[in-house]
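> The residues making up each chain are set out below.
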Amino acid sequence: MFIDVNANVGHWPFKKLRYNTCASLLRRMNQFGVDVSVVANMNGVFYKNTQSANEELYDEIRSDKAFSRRFVPFAIINPVYAGWRDDFHTCIKKMGMKGVRLHPLYHDYDVTEAPVIELVKMARDFDVPVAFTMRMVDSRQRSWMDLLKESTVKDYIPIMKEVPDAKYLLLNICNGTGLTNEERAVLNKTNYMFDTSGRSIDVVRDFLKNFGKDRFAFGTHAPILDYLSGMLRIEYLNNDEVTAEEKEMLRSGNARKLLKI
Amino acid sequence: MNRRNFVKNTAASISGLVLSLGSGSHSANAQTKQSSGAARAKFDVMKEALKYRKLDAHAHAHLGIDVTAKDFEFMERFNIERSFVSNPLSAGSANPEQFRRHNDLVFSAMQKYPGRMIGMFTLNPQYRKESIDEIQRNVDRGMVGLKVYYQYKINDPLFYPIIEKMIDLKMITLMHAEATLGTGGYRMKYDKKRMPNTSVPEDFIDIAKRYPEAMFQYAHTGGGPDWEYACKALKHSPNVWVDTGGSNNEEYMIDFAIKELGIDRLLYATDLSHSYFQGLGKILCSQTTEEQKRKIFFKNYNSILKKSGNHVH
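Protein sequences appear in the order of chains V and D.
Letter by letter, the first sequence follows residues 1 to 261 in the numbering used here.
Letter by letter, the second sequence follows residues 1 to 313 in the numbering used here.
No lab work stands behind these hints: they were computed from the structure.
There's no promise every hint is true.
Calculated lysine to any residue pairs in the SDA-like style (CA-CA distance at most 20 Å, straight line) [what the hints assert, rightly or not]:
1. V:247 <-> D:42
2. D:70 <-> V:236
3. D:193 <-> V:140
4. D:47 <-> V:33
5. V:16 <-> D:260
6. D:70 <-> V:242
7. D:192 <-> V:140
8. D:51 <-> V:236
9. D:42 <-> V:30
10. D:70 <-> V:202
11. D:192 <-> V:150
12. D:42 <-> V:244
13. V:16 <-> D:229
14. V:247 <-> D:78
15. D:232 <-> V:14
16. V:149 <-> D:194
17. D:70 <-> V:240
18. D:192 <-> V:147
19. V:209 <-> D:67
20. D:70 <-> V:207
Pair ranges (Cβ atoms, derived) [to be verified]:
21. V:260 <-> D:202: 49 to 55 Å
22. D:202 <-> V:16: 21 to 27 Å
23. D:197 <-> V:244: 48 to 54 Å
Positions of the beta carbon are idealized from the N, C-alpha and C atoms, including for glycine.
I would like the entire structure built from these sequences, with the hints used as guidance.
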């Protein structure tokens, strides 16, 4: 079975997206045999008040019983916007969301600002992951109104150092994984996981060897990236590279452990 | 635990996913309804990937240490029959000594992987005679097309004699291309201060109109350019093919390209070692028929090769 830890619904303001509703994403999942998707509402990248996006996602998932069986919602929280603590509690405690996604570049804050550290500690205390995305879109074909900057794993080491006992999802690894020894030591002390959607993951066995087979989970970055590249990175692995059990962990087992589902 | 039991147990433990929204609990709340675990059995992405014969219309050889061996491994694992490899000059003056050396590297890959890696020669049109001579030298040793970079734009008059030679040979000219803000003349108010002679779609339109009998390949529509812009721009240039290579694998890229360009002008490609998954993924998940996929993966490029007698049987 497949659990996609990196899916989205909602709009991207600079380009028409397809498969960006729960209904169309579910059809995509059925077409390609994906059982469950962790989903956030991209509108929250652009709304100043991100809670409106979380409410939209909550309402959309509640609109069809099939959605609540197949989607694991994550909240987008902006920790430098008024009311974020209430938003967090509402999303996690009342709406049943299973994690948070942060967008430091779009929401324009540094990951070591005090509210960010506080939010990550709250996520830790509720035992839910905090997800960072290296980029939402490829900046080479960005809109002139979009960000020029992208991020790398290195950019999130400072918050991992501040809160090493939180759970982290590092999504769409597209700009390499180069780290100093000190940064790598910080990473190794945390409970982190990469998804398989990012272009940096080329010779997959090298990444599994370098970081560990328990550090990767299937992800698509849908509907921005194509639906199958993240799956191919797992399915092309042969028996010399992973056992059947290990492949199943990459498909869903590692995600289940992280998400506790 | 054997694999069958492992999978069975895994599926059973997660059945009835996922949660009760609004439950007031932050712990997982498994429900009793079955999730569609059966759906996965219906789709095997590797079976789909291996189903199609493939010609990689834009690949490279010896751009880095040991990269070519990795490329060949990907070719083997993804059933890519032939990769059309080049080693263009991306730095330095690109003088004849340099482009000959780069072409020799490509030839060494052809020798190491005979019949699998097929060479595309490079040159610098600034050196007219040496470039024409270099074309013939490489055609004589089995190379089948031209790959050029950003020393000059594809519509620069320096390219005219080169293009005319390629017309005589009935071979395609593959040019690095971008439609990136602030590059090569595209919206230079965002000037990125790089590669001013990079070819943009308008340059292809210009040269394709001047030489309608020539064949041009707009490189890697997934390699950085705004692919919607590129495809819309090239819509009315029937002698410009677009390769789908590059590391950017945005959803709907292939469907959009077909809508704008038609199915016959799209060529499967990877471009670099870190793009094999994306090269396949973006096509396999498109809303194309099997016959359309066969065209993109194999037939379209083979038709181009057939004009010079270098096609695959």
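> Below or equal to 20 Å on CA atoms is what counts here, so check residue 232 of chain D against residue 14 of chain V.
16 Å, holds
> Take the C-alpha atoms of residue 70 of chain D and residue 240 of chain V, compute the straight-line distance between them, and say whether it is at most 20 Å.
Holds: residue 70 of chain D and residue 240 of chain V sit about 16 Å apart, inside 20 Å.
> Residue 209 of chain V and residue 67 of chain D: Cα distance at most 20 Å?
Holds, at about 18 Å.
> Holds or violated: are the alpha carbons of residue 70 of chain D and residue 202 of chain V at most 20 Å from each other?
Holds, because 10 Å separates the two Cα atoms, which is no more than 20 Å.
> Is residue 42 of chain D close enough to residue 30 of chain V, meaning Cα to Cα at most 20 Å?
Roughly 9 Å between the alpha carbons, so the hint for residue 42 of chain D and residue 30 of chain V holds.
> Residue 202 of chain D and residue 16 of chain V, beta-carbon distance inside 21 to 27 Å?
24 Å, holds
> Regarding residue 197 of chain D and residue 244 of chain V, is the given constraint of 48 to 54 Å on their beta-carbon distance met?
52 Å, holds
> For residue 149 of chain V and residue 194 of chain D, compute the direct alpha-carbon distance and say whether it is at most 20 Å.
Satisfied, since the Cα-Cα distance of roughly 17 Å is no more than 20 Å.
> Is the Cα-Cα distance between residue 16 of chain V and residue 229 of chain D 20 Å or less?
Since the Cα atoms of residue 16 of chain V and residue 229 of chain D sit roughly 13 Å apart, the hinted pair holds (cutoff 20 Å).
> Against the 20 Å threshold, does the CA-CA distance of residue 247 of chain V and residue 42 of chain D hold or violate the hint?
18 Å, holds
> Is residue 42 of chain D within 20 Å of residue 244 of chain V, Cα to Cα?
18 Å, holds
> Given the hinted pair residue 16 of chain V and residue 260 of chain D, is their Cα-Cα distance within 20 Å?
15 Å, holds
Of the hints listed earlier, there is not a single one the structure fails to meet.
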